[in-house]
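Residues per chain are reported as follows:
Protein chains: 2
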Amino acid sequence: MTMQVNFADRLLRAIDEKENLGIVGLDPDVRYIPQFIEDMALDKFHDGRYGNQFAAEAYALLEFNKRIIDAVADIVPAVKPQIAFYEIYKSEGIVAFDETIKYARSKGLIVIEDGKRNDIGNTAEKYSAGHLGRVPLLCRKGESRLEVPSFDLDGLTVNVFLGSDCAMPFVTDCLHYGKGIFCLDKTSNPSAGELQDLLVLDEESQTKTKLSERVAHLINKWGEGTDGIEGYRSVGAVVGATYAGDATNLRTIMPNNIFLVPGLYTQGGQPEDIPNFVNKSTDSRIHGRGAIVNSSREIIYAYRKPEWSLKHDEEEFAEASREKAIKMKKDLTAALRNAQKSRW
Amino acid sequence: MTMQVNFADRLLRAIDEKENLGIVGLDPDVRYIPQFIEDMALDKFHDGRYGNQFAAEAYALLEFNKRIIDAVADIVPAVKPQIAFYEIYKSEGIVAFDETIKYARSKGLIVIEDGKRNDIGNTAEKYSAGHLGRVPLLCRKGESRLEVPSFDLDGLTVNVFLGSDCAMPFVTDCLHYGKGIFCLDKTSNPSAGELQDLLVLDEESQTKTKLSERVAHLINKWGEGTDGIEGYRSVGAVVGATYAGDATNLRTIMPNNIFLVPGLYTQGGQPEDIPNFVNKSTDSRIHGRGAIVNSSREIIYAYRKPEWSLKHDEEEFAEASREKAIKMKKDLTAALRNAQKSRW
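As you go down the protein sequences, you meet chains A and B in turn. According to our numbering, the first sequence is numbered sequentially starting from 1. According to our numbering, the second sequence is numbered sequentially starting from 1.
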């Protein structure tokens with residue numbers, strides 16, 4: 001096996017290069033993409049509208065994505081396609097997902113799939129093989145079975161409600177193939193706390209901790225051995241921008257795990273909260289680092305905001321996304337600089 | 001919208017008709033399917049072996065499934081394809097998944113996808129639209145947007161670590177389209193208890209309950225309003241056959257939720273444990289009912305056991321699956337009958 005560059009190192013270097021920890025979520029929805037792209041796709045696939053094949057829809061999603069990627073590729077270190085938005089159009093949608101990955105990588109971007117995959121051990125192995133690792137091919141009797149990359153993402157989100165059996169197959173592939181995972185810990189949605197904030201009793205010490213803190217200790221443990229030379233691990237955690245109050249404590253439990261922070265802007269997370277999600281440390285390698293912050297709808301649908309749409313043609317929609325991505329970068333940079341001045 | 005028959009009613013009637021609560025998991029793996037199917041697929045797709053297209057692999061999975069489905073369709077009420085085994089072969093794999101669904105339904109089987117999908121509200125809506133409900137198509141300006149079925153499964157497993165925001169979009173589609181979901185509660189894997197068995201403190205009453213019991217109360221609540229006329233709801237729970245000790249208590253918390261019970265045989269669950277998973281009640285509609293029990297590997301790879309392979313040709317592999325499915329039916333029927341005699 002060839003030596004792979006550690007995922008955490010790759011991601012941190014991309015963040016340094018772009019001087020930006022903001023990333024863009026590629027969650028395209030035919031209901032919100034520009035009309036001219038709908039028309040382009042309908043013109044191209046005359047049967048797309050009434051058939052049960054989704055080639056036209058898939059084409060439209062990919063066209064939309066390519067223009068967004070072109071517009072933000074020099075600004076952000078990574079993109080995060082959410083596979084739900086593609087797989088709902090079955091095989092054609094998966095082609096659009098796969099082509100989106102390839103296009104983004106061809107532009108030098110790290111691609112993190114938001115798939116929240118999870119299952120028992122032998123099935124988690126399958127998910128990991130398909131999304132991060134290698135999948136087995138057919139073979140003739142007596143031949144040795146080849147394994148080849150499939151989606152070959154850089155990173156993947158994983159839901160770890162099933163515990164270590166579910167996490168470890170992904171961790172193994174992180175080590176083998178230079179990949180990364182982000183385990184759901186405290187998600188960005190309003191009902192996240194229903195389970196994740198429950199107070200869990202430690203029978204030995206009779207102390208109480210939040211479930212998300214328990215999960216954080218597991219994530220920290222699972223990441224052991226995935227350390228890069230930049231001070232971070234390839235097993236990270238999803239911690240929602242909407243719960244900055246939890247971030248400081250979770251950061252302490254997981255000092256070397258990179259946080260994927262969803263929920264900026266549209267969901268309510270604010271740039272001013274982001275300093276809670278990065279490390280404050282005397283170790284200069286990890287200080288001020290350790291998080292990527294995602295915004296999806298606010299950026300990809302920026303053209304729909306009246307302040308933009310009243311002044312521009314729909315055909316320039318990607319320019320609105322570019323402006324918003326630059327604004328996100330500025331917002332995050334300013335928030336980190338202010339925190340550095342005042343609190344650290 | 002046309003009136004849909006309630007999923008719970010459909011499933012219970014199928015169980016009654018087949019007099020069997022055993023179902024078969026369709027988790028095909030090219031490493032374990034018969035050589036003659038590998039050869040068939042390789043002959044058909046000469047480029048399948050070395051290309052990065054997975055048409056040959058997908059063809060082999062589908063051929064394998066069709067023969068299994070033919071062999072068990074008159075025995076079991078439902079099949080449970082686990083999508084991981086298909087999606088790892090990208091768009092071609094998804095075609096095999098989709099064709100498997102259609103083939104199984106054409107044989108009168110209920111199809112429950114094991115996808116363990118989960119996300120925040122607006123993305124959970126997408127997953128639900130694609131797997132259970134209707135997806136939006138492209139449209140011209142001024143036209144009203146059509147929505148059409150996509151995978152159109154009967155049922156889907158859902159991981160509810162994100163809470164109500166994640167569950168409710170699926171519940172809504174259960175109501176609209178006569179579909180069902182099974183929410184992960186106590187999974188069948190060895191590390192299930194790492195989180196699911198944690199003792200959670202109720203701050204008001206200062207009582208302690210397992211996390212899986214808390215989730216059970218939520219599942220029960222989410223199912224309100226999805227009741228069929230047979231006494232059960234379309235929102236069910238996944239409770240592993242390997243944790244029969246938990247089943248009795250969870251059954252009490254969720255009397256009207258159907259349990260999807262994975263993990264029989266290969267994972268260690270025993271038919272004698274299954275009576276714990278069904279209802280004991282004075283209500284004759286629900287008594288002795290309320291569970292479906294899944295076995296995957298033990299059935300689909302039955303032909304690989306020496307006691308069978310030494311006596312038969314590989315080409316008859318599906319016959320081994322048929323025998324095993326009949327054995328599962330007998331095992332489960334006997335276990336329920338014995339429990340009825342001795343304990344109830």
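Some clues are possibly wrong.
List time: in silico EDC-like cross-link candidates among lysine to aspartate or glutamate, alpha-carbon distance up to 16 Å [stated by the list, open to error]:
hint	chain 1	residue 1	chain 2	residue 2
1	A	Lys210	B	Asp227
2	B	Lys208	A	Asp197
3	A	Lys210	B	Glu315
4	A	Lys208	B	Asp43
5	B	Lys210	A	Glu314
6	A	Lys208	B	Asp202
7	B	Lys208	A	Glu203
8	B	Lys210	A	Glu194
9	B	Lys221	A	Glu203
10	B	Lys210	A	Glu203
11	B	Lys141	A	Asp43
12	A	Lys210	B	Asp39
13	A	Lys208	B	Asp39
14	A	Lys141	B	Asp39
15	A	Lys210	B	Asp43
16	A	Lys141	B	Glu203
17	B	Lys141	A	Glu314
18	B	Lys210	A	Asp202
19	B	Lys141	A	Asp202
20	A	Lys208	B	Glu315
21	B	Lys141	A	Glu315
22	A	Lys141	B	Glu315
It is worth saying that the hints were derived from the structure and are not from the lab.
The hints, checked one at a time:
{"no.": "1", "hint": "Lys210(A) with Asp227(B)", "result": "34 Å, violated"}
{"no.": "2", "hint": "Lys208(B) with Asp197(A)", "result": "15 Å, holds"}
{"no.": "3", "hint": "Lys210(A) with Glu315(B)", "result": "54 Å, violated"}
{"no.": "4", "hint": "Lys208(A) with Asp43(B)", "result": "61 Å, violated"}
{"no.": "5", "hint": "Lys210(B) with Glu314(A)", "result": "53 Å, violated"}
{"no.": "6", "hint": "Lys208(A) with Asp202(B)", "result": "11 Å, holds"}
{"no.": "7", "hint": "Lys208(B) with Glu203(A)", "result": "11 Å, holds"}
{"no.": "8", "hint": "Lys210(B) with Glu194(A)", "result": "14 Å, holds"}
{"no.": "9", "hint": "Lys221(B) with Glu203(A)", "result": "29 Å, violated"}
{"no.": "10", "hint": "Lys210(B) with Glu203(A)", "result": "12 Å, holds"}
{"no.": "11", "hint": "Lys141(B) with Asp43(A)", "result": "13 Å, holds"}
{"no.": "12", "hint": "Lys210(A) with Asp39(B)", "result": "53 Å, violated"}
{"no.": "13", "hint": "Lys208(A) with Asp39(B)", "result": "58 Å, violated"}
{"no.": "14", "hint": "Lys141(A) with Asp39(B)", "result": "9 Å, holds"}
{"no.": "15", "hint": "Lys210(A) with Asp43(B)", "result": "56 Å, violated"}
{"no.": "16", "hint": "Lys141(A) with Glu203(B)", "result": "62 Å, violated"}
{"no.": "17", "hint": "Lys141(B) with Glu314(A)", "result": "13 Å, holds"}
{"no.": "18", "hint": "Lys210(B) with Asp202(A)", "result": "12 Å, holds"}
{"no.": "19", "hint": "Lys141(B) with Asp202(A)", "result": "59 Å, violated"}
{"no.": "20", "hint": "Lys208(A) with Glu315(B)", "result": "58 Å, violated"}
{"no.": "21", "hint": "Lys141(B) with Glu315(A)", "result": "15 Å, holds"}
{"no.": "22", "hint": "Lys141(A) with Glu315(B)", "result": "15 Å, holds"}
Violated hints for the displayed structure, listed by number in ascending order: 1, 3, 4, 5, 9, 12, 13, 15, 16, 19 and 20.
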